[in-house]
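Numbering follows the numbering used here, with no gaps: position 98 of the sequence shown is 98.
Hints are computed from structural coordinates only; laboratory data are not their basis.
Positions of the beta carbon are idealized from the N, C-alpha and C atoms, including for glycine.
There's no promise every hint is true.
The calculated DSSO-like cross-link candidates involving lysine-lysine, where the alpha carbons are at most 27 Å apart (straight line), are [what the hints assert, rightly or not]:
no.	residue 1	residue 2
1	K35	K90
2	K40	K102
3	K102	K90
4	K37	K90
So the derived label-pair ranges between C-beta atoms look like this [unchecked claim]:
no.	residue 1	residue 2	range
5	D91	D62	32 to 40 Å
6	L68	D41	21 to 29 Å
7	W94	L46	35 to 43 Å
8	K40	R95	18 to 26 Å
9	G92	E59	37 to 45 Å
10	S48	M73	20 to 28 Å
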Amino acid sequence: MIALVSERLAKDFCDRNKGFAYQYNDQIKLWEVFKVKCYKDWEGDLDSFLEVGDLVDEEFVDYFINVLPPACMNGQCVQMGEPYSHNPDKDGKWRATYSTLKNSPEGWRYAGHCFRGQTEPVE
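Based on the sequences and whatever the hints tell you, model everything.
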């Protein structure tokens, strides 16, 4: 989150500055402004550009869906079809992890490398 402001200020800021979004926070009765990572700005490898929790634009979501058939795609998450690595789960069984986007109230967020169908990053 970048700032807590009035709706007018949030809208004006986002209109003038590409790569930002805003949303009303009902608990504190103010608008929050968020930085959004844009697909068109991506350079290098994915993990150097995105950090867990980053908001991403719709072009990133489209990329995750279209680069390969997704490993998982539902209302909660989209996972790239190619495994990133393999890690032991809580039972010690080795399972594939996938680069994951998860849906949040603010939009799609990078969730890191998660087991199929899950949105918590594997450590």
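Comparing the hints with the structure gives:
1. A threshold of 27 Å between alpha carbons decides the hint, and for K35 with K90 the separation of about 34 Å lies outside it, so the pair is violated.
2. Restraint check for K40 and K102: satisfied, since their Cα atoms lie roughly 20 Å apart, inside the 27 Å limit.
3. A hinted pair counts as satisfied when its Cα atoms are at most 27 Å apart, and K102 with K90 qualifies at roughly 21 Å.
4. A hinted pair counts as satisfied when its Cα atoms are at most 27 Å apart, and K37 with K90 does not qualify at roughly 32 Å.
5. Take D91 and D62: their Cβ atoms lie about 35 Å apart, and the range 32 to 40 Å holds.
6. Look at L68 against D41: about 22 Å separates their beta carbons, and that is inside 21 to 29 Å.
7. The beta-carbon spacing between W94 and L46, approximately 22 Å, falls outside the hinted interval of 35 to 43 Å.
8. In this structure the supplied range 18 to 26 Å is violated for K40 paired with R95, their Cβ-Cβ distance being about 33 Å.
9. In this structure, G92 and E59 meet the distance hint of 37 to 45 Å, their C-beta atoms being roughly 38 Å apart.
10. The beta-carbon spacing between S48 and M73, approximately 25 Å, falls within the hinted interval of 20 to 28 Å.
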